[in-house]
Structures are given as structure tokens and as C-alpha cells.
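Novice: Mind docking chain D on chain E? Use the hints.
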Amino acid sequence: MKARVTVTLKSGILDPQGKAIEGALKSLGVAGVASVRQGKVFDIELSGSDKAKAEAALKDAADKLLANTVIENYRVEVLG
Amino acid sequence: MKSAVLVFPGINRERDMARALKLASGHEAAMVWHAETALPRGTDLVVVPGGFSYGDYLRCGAIAARAPIMDAVRSFAAGGGLVLGVCNGFQILCEAGLLPGVLMRNARLKFICHDVHLRVERSDTAFTRGYNAGQVIRVPIAHGEGNYEADEETLKRLEGDGRVLYRYCSAAGVVDEPSNINGAAHSIAGIVNERGNVLGMMPHPENHVEDIMGCTDGRGLFAGLVAHLEAAA
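Top line first, the protein sequences correspond to chains E and D. For the first sequence, counting from 1, position 2 maps to 2 in the working numbering; every step adds exactly one. In the working numbering, each residue's number is its place in the second sequence (first place is 1) plus 1000.
Simulated from the structure, these hints should not be mistaken for laboratory data. There could be a bad hint or two in this list.
[Stated by the list, open to error] Derived lysine-lysine pairs resembling BS3-like cross-links, with alpha carbons at most 27 Å apart: (1) E:K10 - D:K1110; (2) E:K40 - E:K26; (3) E:K64 - E:K51; (4) E:K19 - D:K1022; (5) E:K2 - E:K19; (6) E:K40 - D:K1110; (7) E:K10 - D:K1156; (8) E:K26 - D:K1110.
All of these numbers come straight from a predicted model, not from anything done at the bench.
Chain E extracted, bound-state conformation (with noise of 0.2 Å):
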């Protein structure tokens, strides 16, 4: 089973790495870039096929040390 796990900031955190990709994509030209923050993907291979399990599992695995959820939200994906 292939699941996703993502990681953004929370709103309110500074994201001096977002605001210098941000200058970055307005310098090259790219039109209507209006903000960028900058975050994290984890793609997981698990074993078992418990759609619920798996769930659980990845969230307890973000809790734990995927996000540091002072900073951070995260969002699980079970893609199946």
C-alpha cells in the first residue's frame, strides 16, 4: 500500500526559505506568483492492507517525528 504524508507550515509561521523561492520564481518571470511556502512530502510503502490501520499509523508517525507540530500540520494519504 502507498500512502503520502504531507507537511506544511502552519499560517502565521514565518517561511524565510518560501519568501526567497517566492523572489526567486518573480524574478524569472513567472507570472502570478502570488505567495510560496515551502513544505515537506513523505511517500510510504506500507505492508499491511488494513486501510484504517495504515491510517493510524501514519498519523502517529507524524505526531511522533514526521512534523513538529509546533511549526507544522500535516495531511495523511492513503493512496491504496
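Specialist: Chain D alone, transformed into the frame defined by chain E:
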């Protein structure tokens, strides 16, 4: 003072730290590998040194904070034991939940490696009794992620309880925008936990302890810890 210096893969300041501890206390520090599950018996002080544990993968300090030895550090701290985290060690203590907040990328995105001035905010703590309140000391920093941030309520509590022990300042001791080297909230360089027995700081006092280093301003922190433990004994 019996010190235990934690060693994680990628840490590189552990020997500087051990040298400073030996100089201040006369005792060899024990080097404790991250996979251990217990601290040496009779440990007075646990030090989480600086460096780049696990290559700063995922987030600075995130993986080291979940190492087996950290459970022992957590119970040591819960029992009132002294814990000092410097640089990556500060990041690890925040990730481990022993200190509030988080160290974000420096506001101007650059890795910064030079001396800074710090104002010692109070002298009545284990980690500052070697200094006078308001004293300005010069110590080096070397980090890319030292921009301390916490939510408004946490900052209010830190300030209200006098838990900010070290603040970035000018040579004259003025806390202002230009001296706030990494953009940290309230120019915070070092904070303690609620109980006052766990300190995290970004600057490296262990690198200013001998004349050959060009400055000995870092000595006070270690001398203070030794004096604190002697007074408690």
C-alpha cells in the same frame, strides 16, 4: 561536577565541550553514546553538545531527540537534574519537548559563524551564577537555524517568569534589531524550562574558555554550574 556529554552521529562539538567541562570542574566528562539507555551513575550535569546530528535531516535535532538515551535524559530532568543544550543541543531539547518553542532558519537565511555579544539577564540561576545580571559576554555562534520562535503565550510566559537567561545584544549591552543576529523572537539566545534546570542556548560558551581562544567569557557559565552543585552538595 560529574558531566555526561551525549554523542550522536554528526555531532562535532562534543570534544570542545568535554574540554571546557574538564577545565571548569577538574573531572573528565563521560561521553555517552546515543544508543545507551542510561546515564552514568552519579551524573550531575547532562550536556547535549553542538554539531549536526543526523546531518540536520528532517529538521535540526528531530531524529536525535528520539534517540534511546533521550528517555533517560527526560527522567533525569524530571528529577531536577541539570541539562545544558548548546546549538544543535538546544534544537534537540526543543524537539524532545524539554524546552518550548522551535529554532527556525535564520531570518536572513545565512549560516552565521562569528562572535556575538550576549546580555546575561539574571545571575540567580544555576546557569548564570558565574556572571552578574546585566553583564555582557562575548561568545561565538555557528548556526543556520537559530532563530528562536514560540507562540505569543509561550513568549509571554518565558518573559514573565524570567526564563530568558541570555539575549543577543550590542557590545554595549543594548538589545536592538541589528544585534539580533538571527531574527530570534525577543532576541532570545538562551532559555530555561519552567523548573529552571534545563537550559538551551544557541551560542557556544565552551569555545571561549581559554586564553588561547582569544576570550574567556564563556568560563562563567561552567564555573557557575560547578559553584551551584557545590553549594547544593
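Novice: All the hints need checking, so say for each whether the structure fits it.
Specialist: For each hint, the structure was consulted:
Taking the CA atoms of K10 (chain E) and K1110 (chain D), the gap is about 23 Å. The hint holds against a cut of 27 Å. Proximity of K40 (chain E) to K26 (chain E) is assessed by CA-CA distance (about 22 Å); at most 27 Å being required, the pair is judged to hold. Annotation: proposed proximity of K64 (chain E) to K51 (chain E) holds, straight-line Cα distance about 20 Å (limit 27 Å). For the suggested pair K19 (chain E) and K1022 (chain D), the alpha carbons sit about 44 Å apart, so the restraint of at most 27 Å is broken.
Taking the CA atoms of K2 (chain E) and K19 (chain E), the gap is near 32 Å; set against the 27 Å cutoff, the hint is violated. For the suggested pair K40 (chain E) and K1110 (chain D), the alpha carbons sit about 21 Å apart, so the restraint of at most 27 Å is met. Of the supplied pair hints, the one linking K10 (chain E) and K1156 (chain D) holds, its CA atoms being roughly 20 Å apart against a limit of 27 Å. Taken as a hint, the K26 (chain E) and K1110 (chain D) pair is honoured in the structure, with Cα atoms around 21 Å apart against an allowance of 27 Å.
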